[in-house]
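Participant: Sequence order for the protein chains is A and W. Numbering of the first sequence is given in numbering that gives the first Met the number 0, commencing with residue 0 and proceeding in unit increments. Numbering of the second sequence is given in numbering that gives the first Met the number 0, commencing with residue 0 and proceeding in unit increments.
Don't take each hint at face value.
Said to hold, decoys possible - Listed below are the simulated DSS-like cross-link pairs for lysine-lysine, each with C-alpha atoms no more than 25 Å apart in a straight line:
hint, chain 1, residue 1, chain 2, residue 2
1, A, Lys-436, A, Lys-420
2, W, Lys-248, A, Lys-174
3, A, Lys-310, A, Lys-385
4, A, Lys-283, W, Lys-246
5, A, Lys-283, W, Lys-128
6, A, Lys-436, A, Lys-385
7, W, Lys-225, W, Lys-128
8, A, Lys-152, A, Lys-163
9, A, Lys-174, A, Lys-152
10, A, Lys-430, A, Lys-414
11, W, Lys-246, A, Lys-174
12, A, Lys-219, A, Lys-310
I should point out that these hints are in silico values taken from the structure, not numbers from a laboratory.
This is what each chain is made of:
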Amino acid sequence: MRTRQGSFSLEEAIMRRLATVFFIVSLAIFVLLLPQGKAALKNDGFPQGGSLNYGEYGRPATLDPITSNDMISLRISELIFNGLVGIDEKQEIVPDLAERWDISDDSLTYTFYLRQDVTWHAKEGEEPRPFTADDVIFTYNIMMHPQTITPLKVRYEFIESVVKVDDYTVQLTLKRPILNGLAKFSFKIIPQHGPENHEFLTREDPFVHKPIGTGPYMLKNITADGEVILVANENYYRGRPHLDKILARPFADQNIMSQALMFNAIDMIVLVNPRDIPQIQGDKRLVLQPYNALSYSFFGYNVRNPLLADKRVRQAITYAVNRQEMLGSFFNGQGTIISGPFAPGSWAYNLDVEPLPFEPQKAISLLEEAGFTKGDDGIMQRDGKKLSLALKVPIEKESEGVKRVVLAFQNYLGKIGVEIKGEFKEWLAWKEDVFLKHDFDVVFAS
Amino acid sequence: MPRCCLVALVLEASLSAAADPIREGMQSYNRHHYEDASTTLLAHMRLAEPSQQGKLYLGLGMTFLACAQVYQELHRTALSVQVDYLSKLLASDKEDGSHYAKLYLGRSLLDTGKTAEAAVSLRTCIEDKKIEPRDRSLAKIALARAYYLQGKNKNADELWSSVDTTDPEVMSELAAAYSRLGLAERKPLAMGEQIRQVMKQIQQGLSIRLANNLITVYAREGQIDKGLRLIKSTDLSGFFHEETIGKNKIVRFYDPSLLDNLAVLYGRASLEYLEKATTDEKIKGVAQYYLAEAEARFGHIDQSIEILDDALASGLLPSPYREKAELLHGVARFWQSGGRQSQMHLEDSTGQQQEPHLLADTLLACNRLNLECSEIARKATTLVEVIDGKKLETLHYALGRYYLRTHEYEQAIACMETVRDKSNKNKIEYNDPLMLINLAEAYYRSKRFSEALEIYFGMRNQFPAVRQIQVSMQGVYAMEQKSAGDAKLF
Numbered sequence: 000m001r002t003r004q005g006s007f008s009l010e011e012a013i014m015r016r017l018a019t020v021f022f023i024v025s026l027a028i029f030v031l032l033l034p035q036g037k038a039a040l041k042n043d044g045f046p047q048g049g050s051l052n053y054g055e056y057g058r059p060a061t062l063d064p065i066t067s068n069d070m071i072s073l074r075i076s077e078l079i080f081n082g083l084v085g086i087d088e089k090q091e092i093v094p095d096l097a098e099r100w101d102i103s104d105d106s107l108t109y110t111f112y113l114r115q116d117v118t119w120h121a122k123e124g125e126e127p128r129p130f131t132a133d134d135v136i137f138t139y140n141i142m143m144h145p146q147t148i149t150p151l152k153v154r155y156e157f158i159e160s161v162v163k164v165d166d167y168t169v170q171l172t173l174k175r176p177i178l179n180g181l182a183k184f185s186f187k188i189i190p191q192h193g194p195e196n197h198e199f200l201t202r203e204d205p206f207v208h209k210p211i212g213t214g215p216y217m218l219k220n221i222t223a224d225g226e227v228i229l230v231a232n233e234n235y236y237r238g239r240p241h242l243d244k245i246l247a248r249p250f251a252d253q254n255i256m257s258q259a260l261m262f263n264a265i266d267m268i269v270l271v272n273p274r275d276i277p278q279i280q281g282d283k284r285l286v287l288q289p290y291n292a293l294s295y296s297f298f299g300y301n302v303r304n305p306l307l308a309d310k311r312v313r314q315a316i317t318y319a320v321n322r323q324e325m326l327g328s329f330f331n332g333q334g335t336i337i338s339g340p341f342a343p344g345s346w347a348y349n350l351d352v353e354p355l356p357f358e359p360q361k362a363i364s365l366l367e368e369a370g371f372t373k374g375d376d377g378i379m380q381r382d383g384k385k386l387s388l389a390l391k392v393p394i395e396k397e398s399e400g401v402k403r404v405v406l407a408f409q410n411y412l413g414k415i416g417v418e419i420k421g422e423f424k425e426w427l428a429w430k431e432d433v434f435l436k437h438d439f440d441v442v443f444a445s
Numbered sequence: 000m001p002r003c004c005l006v007a008l009v010l011e012a013s014l015s016a017a018a019d020p021i022r023e024g025m026q027s028y029n030r031h032h033y034e035d036a037s038t039t040l041l042a043h044m045r046l047a048e049p050s051q052q053g054k055l056y057l058g059l060g061m062t063f064l065a066c067a068q069v070y071q072e073l074h075r076t077a078l079s080v081q082v083d084y085l086s087k088l089l090a091s092d093k094e095d096g097s098h099y100a101k102l103y104l105g106r107s108l109l110d111t112g113k114t115a116e117a118a119v120s121l122r123t124c125i126e127d128k129k130i131e132p133r134d135r136s137l138a139k140i141a142l143a144r145a146y147y148l149q150g151k152n153k154n155a156d157e158l159w160s161s162v163d164t165t166d167p168e169v170m171s172e173l174a175a176a177y178s179r180l181g182l183a184e185r186k187p188l189a190m191g192e193q194i195r196q197v198m199k200q201i202q203q204g205l206s207i208r209l210a211n212n213l214i215t216v217y218a219r220e221g222q223i224d225k226g227l228r229l230i231k232s233t234d235l236s237g238f239f240h241e242e243t244i245g246k247n248k249i250v251r252f253y254d255p256s257l258l259d260n261l262a263v264l265y266g267r268a269s270l271e272y273l274e275k276a277t278t279d280e281k282i283k284g285v286a287q288y289y290l291a292e293a294e295a296r297f298g299h300i301d302q303s304i305e306i307l308d309d310a311l312a313s314g315l316l317p318s319p320y321r322e323k324a325e326l327l328h329g330v331a332r333f334w335q336s337g338g339r340q341s342q343m344h345l346e347d348s349t350g351q352q353q354e355p356h357l358l359a360d361t362l363l364a365c366n367r368l369n370l371e372c373s374e375i376a377r378k379a380t381t382l383v384e385v386i387d388g389k390k391l392e393t394l395h396y397a398l399g400r401y402y403l404r405t406h407e408y409e410q411a412i413a414c415m416e417t418v419r420d421k422s423n424k425n426k427i428e429y430n431d432p433l434m435l436i437n438l439a440e441a442y443y444r445s446k447r448f449s450e451a452l453e454i455y456f457g458m459r460n461q462f463p464a465v466r467q468i469q470v471s472m473q474g475v476y477a478m479e480q481k482s483a484g485d486a487k488l489f
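Between the sequences and the hints, there should be enough to build the whole structure, so can you do that?
Facilitator: What follows is the structure, encoded as structure tokens:
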């Protein structure tokens with residue numbers, strides 16, 4: 000399956016991976032995040048108090064829901080903020096900051112009636128302020144401001160306007176009806192009195208590192224070691240959460256993080272190194288809870304490159320790479336070879352497209368069919384031009400597994416006479432090269 | 000899983016001198032690669048020494064029985080998912096929507112036993128001029144089957160005689176209908192052979208519909224080997240019809256009856272091969288146990304009891320099989336009595352023991368036979384609470400299956416997840432496919448579609464006919480999907 004996305008084509012996705020470890024205490028967290036009344040929380044049988052100390056591979060770039068673009072940040076901002084609507088564990092839309100809503104018959108106007116019992120986390124030395132329609136308008140405006148750096152902007156371009164009807168009613172008008180429109184309004188609301196700059200939000204604004212929200216947990220502080228400490232919001236509108244404190248501890252090394260778990264230094268990790276799975280699974284103190292990450296890694300080709308514009312060349316590259324072997328060797332078999340940009344658990348996964356198998360001989364035949372012959376240096380060439388490609392990989396996602404994948408990719412392709420020059424680049428520089436300059440031949444990304 | 004343990008015991012005894020192909024086949028069986036197992040064992044059949052024949056028959060019988068069980072479970076899920084999907088599709092597209100959804104819904108309703116509802120749906124198809132004449136004939140044949148099941152034989156005959164049997168697809172549908180209703184006097188097998196001749200003459204391959212109908216006939220008319228060969232040459236993941244709606248919407252229709260036909264064919268194959276295996280004195284006891292299980296599984300309770308009586312009296316059953324045979328005997332008698340015996344009597348007949356595997360077998364049998372078994376479930380629940388879960392895999396699965404039947408989906412999921420291999424959660428090599436199928440259904444019922452679809456995706460290589468469920472479930476998921484579901488490149 001080939002899907003055009005931006006300037007390059009997504010060739011067959013290579014593999015899905017990830018598994019997680021949760022301590023039993025983490026179950027309590029998820030339960031308390033479900034929409035329940037205060038009374039239910041107090042009598043739900045879960046113990047009160049205590050803290051959860053979990054490990055993250057890396058540090059969050061920011062803690063607000065607008066400028067953050069990594070999972071570490073998003074996990075924290077989920078605890079600090081709320082949206083107009085929420086999505087529960089069954090993927091059902093449930094009321095959150097909006098207690099109810101109306102949708103016009105033409106599906107163009109959404110009117111949200113806001114809860115009147117929600118307050119913002121108190122700023123130091125201040126009383127908590129009430130959450131109102133002004134905060135919703137403010138969030139939309141700052142999110143859509145051209146100078147705000149956020150991945151959300153493009154996702155909300157379908158909104159024509161956001162209007163305050165009264166202090167607790169907002170009306171959103173869409174440019175066109177959209178699929179699953181209501182679910183889109185699960186974006187997190189930030190306070191009007193939060194950011195220093197009221198027009199746009201950048202990573203320089205103190206708010207992104209010390210945010211206040213309406214959620215079950217409040218940011219207490221970030222230690223010198225980068226530990227993010229959250230404490231229970233006593234005034235949370237659904238009732239105080241069970242845990243007193245949540246601490247997110249960053250690790251620069253996945254192995255050390257796993258060791259910390261096994262030596263009781265932390266309670267939970269959210270990403271397990273595949274090679275640690277057998278040890279963790281065999282440890283009765285730990286509960287291994289795999290989930291479908293719905294994420295995938297892929298090699299994408301720049302079809303602006305005339306060599307790669309030839310479908311046979313792209314197919315040859317796919318036939319030459321033993322993805323099953325890579326999955327088994329580097330990710331302990333934790334994943335699936337897929338044929339497109341959707342996980343097999345998605346309704347959109349195309350079952351008619353089977354991933355291409357590993358057939359290096361077929362790869363060579365395809366290249367020969369495309370007019371390539373092997374040169375003296377063992378590299379395929381056509382019309383005097385070598386089949387030498389630049390592979391760019393964002394360094395932000397660099398990990399032991401990714402490095403091995405890149406090396407293996409080079410080796411597999413070397414065997415059919417395709418030279419791959421790998422280059423790890425800082426995330427923003429990678430984005431600029433790929434999306435703006437189109438200066439790449441192949442990318443490996445997730 | 001205990002079944003693997005028992006298989007290992009059989010092999011210990013029977014494979015010490017066995018040739019490699021049998022070992023290889025049974026290794027595939029233990030990994031739940033039943034297609035691979037049957038291919039290996041069947042290929043060896045022609046070359047095997049006479050002394051190996053019995054073991055081959057036993058291996059094939061066990062493999063086909065396992066296959067039949069998988070397809071039986073898949074069919075149960077597929078029918079309900081198909082009905083959910085098509086009902087939703089029809090409800091969402093009232094104007095200019097699908098015309099063929101009514102046809103496939105009617106057929107599926109008929110297979111669930113809802114003849115009156117099926118008839119309503121099928122009648123509208125017959126009158127719908129936007130449906131091709133051939134497909135309206137299919138609707139007539141199905142409607143006639145509904146009438147026949149309602150005892151309206153005259154109406155059925157009128158409809159059957161009104162269809163154009165010069166069209167091989169229509170004729171095959173008619174043959175399949177006769178076979179399913181046990182109307183052997185209408186010669187469905189001869190009709191099937193005639194169709195194959197025609198297709199050969201016009202040098203056309205068999206469509207999935209033709210193949211499905213022929214499998215129906217072969218399975219029910221005792222042409223097992225022909226049926227097995229046809230399965231091997233058919234793409235079981237194919238769709239039955241493609242409908243274009245408006246300018247660019249395409250709906251593909253699949254048919255869960257394929258799964259039922261596979262279950263019946265493999266079931267009959269298991270009976271045939273296990274029957275042959277019982278002629279080998281060395282393995283007779285074990286073969287009799289599996290034969291009795293297969294007979295019971297396919298509703299032949301009297302035969303099952305007769306075989307078990309003989310096996311238990313002969314003293315040929317190795318120890319673990321004796322206990323299982325006694326249990327099966329008790330359950331079969333309970334079933335034979337039409338459930339008139341009390342549940343306590345069932346427990347008495349199974350020895351009132353607390354042995355987890357036997358308790359699990361009792362619970363599974365009760366589930367299968369739809370018997371009330373809350374007391375047994377209570378006993379099983381008590382047991383799983385006090386013993387380490389890993390030692391009680393089958394009992395957890397049996398309880399999960401029980402909770403699925405009682406619509407307690409979260410408990411069903413919890414039970415089955417306890418015994419799921421977390422490192423290889425969707426791989427059939429590490430998890431019993433029967434458990435995975437039931438877990439997938441529990442997830443589906445809980446609207447956690449993604450989990451269910453992942454399971455089917457993992458099964459597709461060994462059980463390609465699972466596509467008959469996948470697409471319908473994707474359809475339900477797409478219509479139920481409430482979250483944004485948009486992709487983001489981090």
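Participant: If a hint holds in the structure, say so; if it doesn't, say that too.
Facilitator: How the hints compare with the structure:
Between Lys-436 of chain A and Lys-420 of chain A, the direct Cα distance comes to roughly 18 Å. Compliance with the 25 Å bound is thereby established for this hinted pair. About 24 Å separates the Cα atoms of Lys-248 of chain W and Lys-174 of chain A, which keeps this hinted pair within 25 Å; it holds. A distance of roughly 17 Å separates the Cα atoms of Lys-310 of chain A and Lys-385 of chain A; the hinted pair therefore holds under the 25 Å criterion. For the hint linking Lys-283 of chain A to Lys-246 of chain W, the alpha-carbon distance of about 57 Å lies beyond 25 Å, and the restraint is violated.
Restraint check for Lys-283 of chain A and Lys-128 of chain W: the C-alpha separation of about 65 Å exceeds 25 Å, so the hint is violated. Taking the CA atoms of Lys-436 of chain A and Lys-385 of chain A, the gap is about 22 Å. The hint holds against a cut of 25 Å. Distance check on the hinted pair: Lys-225 of chain W and Lys-128 of chain W sit about 37 Å apart at the alpha-carbon level, beyond 25 Å; violated. Restraint check for Lys-152 of chain A and Lys-163 of chain A: the C-alpha separation of about 20 Å stays at or below 25 Å, so the hint holds.
With a CA separation close to 15 Å, the supplied pair Lys-174 of chain A and Lys-152 of chain A stays within the 25 Å bound. The hinted pair formed by Lys-430 of chain A and Lys-414 of chain A fails the criterion: a straight-line CA distance of about 30 Å is larger than 25 Å. For a cut-off of 25 Å, the pair hint linking Lys-246 of chain W to Lys-174 of chain A stands: about 24 Å separates their Cα positions. A hinted pair counts as satisfied when its Cα atoms are at most 25 Å apart, and Lys-219 of chain A with Lys-310 of chain A does not qualify at roughly 54 Å.
This entry does not satisfy hints 4, 5, 7, 10, 12, going by the numbered hints stated previously.
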